[in-house]
Amino acid sequence: MIYPEAITDAATIGARPAIEWQIRGHATTGIEFYPIIQPTWQTALVEKISGYRSLPQNWNSYGSPPPSPVAIQEAIWFVTSMLDEKKPRPRVTPVSGGGIQFEWSFGERQIEIEFLRDGTIEYLLADTKTNDETPGRFDRPSRIDIGRLLSWLIDA
Amino acid sequence: MAGTVPTIRNFGNAPVIETVLSIQFKPIPGFTIPHFGLYWKVIREEFKHCENKIPIVHMIEDFQRGPTQRSSGIDLELSPERAIRYWFMDHTRNTFIQVQQDRFIFNWQRIEKEDVYPRYKKTREKFLEEWEKFCVFLTSENLPTPEVDQCEVTYVNHLEYTAGWDSYGELSKIVSYWSGKASGDFLPPPEKVNINIRYAIPNDQGRLYVSLQPVIRTRDAIEVLQLNLTARGAPVSSKTEDVFNWLDLGRKWIVQGFTDFTTDEMHREWGLER
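Chains as they are written, first to last, in this note's numbering: chain A, 1 to 156; chain B, 1 to 274.
Label pairs and their computed distance ranges (CB to CB):
id, chain 1, residue 1, chain 2, residue 2, range
1, A, Glu108, B, Thr32, 51 to 59 angstroms
2, B, Glu191, A, Arg148, 36 to 44 angstroms
3, A, Phe138, B, Pro190, 37 to 45 angstroms
4, B, Asp115, A, Ile37, 25 to 33 angstroms
5, A, Ala44, B, Glu51, 26 to 34 angstroms
Just so you know, the hints here were simulated from the structure itself, not pulled from any lab data.
Ideal Cβ positions, reconstructed from N, Cα and C, are used throughout, including at glycine.
Hey, can you work out the whole structure from these sequences and the hints?
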């Protein structure tokens, strides 16, 4: 049993909403962390993204650097803050240039969200039935923004 | 005495990355949202940054039934006043004060590896100074003195894999309770381990919570073993001296609890004073 009371007023380093969600109402600390013993797909993704830190230079044999620390940090923030168990699980891959990409596919529609090396977030909505491609950029997406994209995906 | 700190053995190189001293009181009647701004004006020269946070629930260590969450009395059903919490941070963001209608909290956190843990004595002195300033502010606004019902001390430690151990199969190198031995040879070494323990502080003075869990630290995406120790209980009275006596007790339980919970091997790594 986990005693929620043991998780207290700490708040390590500017806890963001979803991180605070884990410790809602108990967090006196500022520490921002993600527990990785729970059996969820988010946990698996966080561990996977954390593991990109150890990718070597030229990991893809095309001279690419590994994902940058900023891209890794932002991608983990995205998984822990913007996604939850009720949302479809994305496929996550490192991409050349030091970024990380999230992909969702459903029927003829596909969404890609890429965290670039400098932390910039870009997305692409693609519909193979109509050949439409809609690119875009997020300053900082909200859960509502992500909810809209995922609704578009399954709304074909 | 509110001004003196009992001596206990310290660690020269403790893995602590955050300490929290917290005083919880009954919601102060008349402490409304504008008072947060007025209070910030008092401390703003030092605590320049401000962030709004989700309020913390009112927690009481109840020795009849175990720990309980209680309504703070400031929820919407009882009061039109919205429960809020603010962080007021200094320019380094290492140190911040948290205020809500029923709590006053002081945090120190390590942001950069080079940040030096200021030690309890210094943190306590600063907290005492800020608490007294807060009480003076309340008086100046014709608000009542807080009726303190709980005190709380929390230390968060991050144990990195390279510092004396490198897998959960070696957890017995860190945790003195953990034998690491199975009855048979079927199970492999554990992939991850999560430990939660609760201790009663004698004479219903409070409880100590110890929690050990693997986490990804989001600021650098490194997996660490996070060891949290929280002591919580009620002071004898709301007098500043009694409140700080309880905080000293909580800190003693945390430091001595940490020492008991971890191994001699790690104590050497962390420089336990002899």
